[in-house]
Amino acid sequence: MASFQIESLTKRYGRVIALNNVTLSLDAADFLTVVGPSGAGKTTLLRLLDLLEKPSSGSILIDGEDAQDMNNCLRLRREIGIVFQHNLMLNTSVSANVVYPLKIRGEKSDLSGKVSRALERVGLAGYEKRRAITLSGGEVQRVSLAQALIYSPKILLLDEPTANLDPRNSSIIESIVTQVNREDAVTIILSTHNVAQAERFASKVLILRSGEVADYGNASKMFSNPSSFLATFTEMWNVYRGKALPIGDLSLIDLGDNVSVKSSTIKKGDVTTFINPDEISLTLRPVENSGRNIFEGHIVEIVDLGERVQLEVDCGKKFTVRITKTVFKDMRINLESRVYLSFKASAVVVN
Amino acid sequence: MDQILEGLVQAFWLLVTLNHELYLILFLTLRVSGIAVALGTIVGIPIGASVALRDFMGKKLFISIVNTMMGVPPVVVGLVVYLFLSASGPLGILRLLYTPTAMIIAQVIIAAPIVIGVTVSAVGSVENGIRDKVISLGATKTQLTLTILQEARVGLVTAVILAFGATLSEVGAVIIVGGDIRWVTRVLTTAIVYETELGNFSFALALGAILLLIAFVINWVLTRMQWSGLRR
Numbered sequence: 001m002a003s004f005q006i007e008s009l010t011k012r013y014g015r016v017i018a019l020n021n022v023t024l025s026l027d028a029a030d031f032l033t034v035v036g037p038s039g040a041g042k043t044t045l046l047r048l049l050d051l052l053e054k055p056s057s058g059s060i061l062i063d064g065e066d067a068q069d070m071n072n073c074l075r076l077r078r079e080i081g082i083v084f085q086h087n088l089m090l091n092t093s094v095s096a097n098v099v100y101p102l103k104i105r106g107e108k109s110d111l112s113g114k115v116s117r118a119l120e121r122v123g124l125a126g127y128e129k130r131r132a133i134t135l136s137g138g139e140v141q142r143v144s145l146a147q148a149l150i151y152s153p154k155i156l157l158l159d160e161p162t163a164n165l166d167p168r169n170s171s172i173i174e175s176i177v178t179q180v181n182r183e184d185a186v187t188i189i190l191s192t193h194n195v196a197q198a199e200r201f202a203s204k205v206l207i208l209r210s211g212e213v214a215d216y217g218n219a220s221k222m223f224s225n226p227s228s229f230l231a232t233f234t235e236m237w238n239v240y241r242g243k244a245l246p247i248g249d250l251s252l253i254d255l256g257d258n259v260s261v262k263s264s265t266i267k268k269g270d271v272t273t274f275i276n277p278d279e280i281s282l283t284l285r286p287v288e289n290s291g292r293n294i295f296e297g298h299i300v301e302i303v304d305l306g307e308r309v310q311l312e313v314d315c316g317k318k319f320t321v322r323i324t325k326t327v328f329k330d331m332r333i334n335l336e337s338r339v340y341l342s343f344k345a346s347a348v349v350v351n
Numbered sequence: 001m002d003q004i005l006e007g008l009v010q011a012f013w014l015l016v017t018l019n020h021e022l023y024l025i026l027f028l029t030l031r032v033s034g035i036a037v038a039l040g041t042i043v044g045i046p047i048g049a050s051v052a053l054r055d056f057m058g059k060k061l062f063i064s065i066v067n068t069m070m071g072v073p074p075v076v077v078g079l080v081v082y083l084f085l086s087a088s089g090p091l092g093i094l095r096l097l098y099t100p101t102a103m104i105i106a107q108v109i110i111a112a113p114i115v116i117g118v119t120v121s122a123v124g125s126v127e128n129g130i131r132d133k134v135i136s137l138g139a140t141k142t143q144l145t146l147t148i149l150q151e152a153r154v155g156l157v158t159a160v161i162l163a164f165g166a167t168l169s170e171v172g173a174v175i176i177v178g179g180d181i182r183w184v185t186r187v188l189t190t191a192i193v194y195e196t197e198l199g200n201f202s203f204a205l206a207l208g209a210i211l212l213l214i215a216f217v218i219n220w221v222l223t224r225m226q227w228s229g230l231r232r
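Those sequence lines, one after another, are chains X and D. First residue of the first sequence: 1, per my numbering; consecutive thereafter. First residue of the second sequence: 1, per my numbering; consecutive thereafter.
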């Protein structure tokens with residue numbers, strides 16, 4: 001539980017401006033995701049917030065205290081946990097790694113009990129005696145999370161914690177982070193280039209582009225009406241360029257490859273459209289509904305996302321669809337299966 | 001060939017019969033090199049660590065000087081220490097020339113650069129990610145330094161091994177500042193020189209074999225420490 005006030009934060013490395021004039025404010029127990037492509041300044045922002053680096057200008061207040069004041073720095077940093085994208089382990093046992101933050105804080109009581117509970121929380125019970133540098137990538141990320149959680153930080157920073165991880169490890173980390181946010185009211189700042197991840201958890205979203213704030217605000221609002229930048233920088237979102245032609249109260253958008261979609265937004269000329277993969281329904285037979293966009297296609301890719309499954313369906317254009325695992329199993333579909341996609345005209349967002 | 005065999009037999013015989021002079025020489029050798037390496041380590045590790053962990057003007061120059069000193073011929077060190085300690089030298093008043101203390105001083109000057117140089121490279125090769133991690137977990141500057149040293153522990157033991165090797169085997173410095181005085185400043189290496197000059201080749205060889213043996217025992221102990229450090 002801690003609030004953040006960040007005012008005109010700027011970081012330069014020589015001539016390169018890694019982060020330019022970022023202002024945002026977070027309340028206690030907020031969940032902010034920082035979204036942006038590689039090189040957008042996500043890591044720089046998190047390193048500044050963890051007080052690992054000093055900003056070139058601007059200020060960071062944590063619960064109203066100036067974080068750049070040398071007298072506050074160590075104390076405030078000890079309230080913050082961070083999980084880096086690439087975490088290194090001390091060359092010793094897992095338990096010595098996890099207990100390390102408590103030891104340097106001079107804590108002495110029930111250390112082994114706390115270590116066991118922290119490891120249990122991240123699903124690594126019994127890993128105490130393993131050598132930390134022999135762990136797999138997913139295990140290292142989870143031990144790092146245990147290291148951060150063991151001292152009950154008020155703020156948890158996560159820098160693309162699930163990049164390069166398999167779906168199982170990703171979903172373990174995601175569920176712990178959500179739990180910590182909801183149950184322990186820890187303020188979370190998570191950077192990701194995975195928009196779906198941002199959409200699932202965040203109460204607030206900050207979109208960075210080349211070190212600048214491209215958008216910042218309430219998550220639900222931002223995802224219901226995304227900016228074209230948000231829509232285009234990832235391919236997951238069924239983003240297409242096309243030509244729109246108004247017909248009655250709809251637009252017909254020609255996406256090329258003989259695929260046209262109906263949108264309830266009336267526009268004319270060159271447009272960028274996208275369709276949220278969750279708004280597309282998947283059936284084995286065509287749906288009888290003239291109001292909807294309906295396409296026939298075959299499955300070309302299946303990705304296990306843990307509780308959900310993401311499918312690529314080739315209908316002339318490739319569409320990304322996400323369904324629950326139960327539905328996926330019930331439908332008994334596989335690669336090359338023929339399926340029908342349908343989505344409302346209102347699901348086609350046009351910019 | 002016969003001489004080598006004879007030397008080995010004599011070495012064995014000297015050791016088992018507890019030859020008084022041999023053991024005196026042996027203990028003085030261990031005392032001089034042991035104290036020199038201990039002092040070199042006490043001075044060298046903190047200097048090496050702070051050089052590796054800090055950025056300052058002339059850092060590269062400093063490291064180059066240290067690296068040069070790592071290879072400096074012991075006779076040159078002996079000569080300089082001799083000039084400082086001789087009756088007309090600036091420290092002549094201390095009357096240290098031809099004492100074990102003078103030998104220790106010379107060997108510290110040989111050992112310290114080795115410890116500093118290897119420490120700089122061992123600490124410098126601990127990845128920056130470890131530093132970030134330790135700081136982010138809330139370590140103070142002292143805690144950070146101690147943790148980094150612990151991460152570099154294998155390299156630090158290497159530094160001690162190399163310093164021991166250099167001091168045990170060198171003859172140039174100890175012979176100049178110690179004078180190879182029988183019962184007082186004679187160590188294994190200077191004794192080998194002396195016996196060779198007298199033509200007692202098998203006795204010289206016996207001393208050489210004993211020198212190798214203690215070098216092996218020390219290295220064996222340190223290497224075991226190093227590997228247990230790796231496994232920790």
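What the hints contain is simulated information worked out from the structure, not anything from laboratory work. Every value quoted in this text rests on a predicted model; they were computed, and no experiment measured them. Please note that the accuracy of each hint is not assured.
Lysine to aspartate or glutamate pairs mimicking EDC-like chemistry, simulated, CA-CA at most 20 Å apart [stated by the list, open to error]:
(1) X:Lys-221 to X:Glu-279
(2) D:Lys-141 to X:Glu-53
(3) X:Lys-318 to X:Asp-254
(4) D:Lys-59 to D:Glu-6
(5) D:Lys-141 to X:Glu-279
(6) X:Lys-54 to D:Asp-55
(7) D:Lys-141 to X:Glu-107
(8) X:Lys-103 to D:Asp-132
(9) D:Lys-141 to X:Glu-79
(10) X:Lys-54 to D:Asp-132
(11) D:Lys-141 to D:Glu-6
(12) X:Lys-54 to X:Glu-107
Hints not upheld, ascending by number
Violated: hints 4, 5, 11 and 12.
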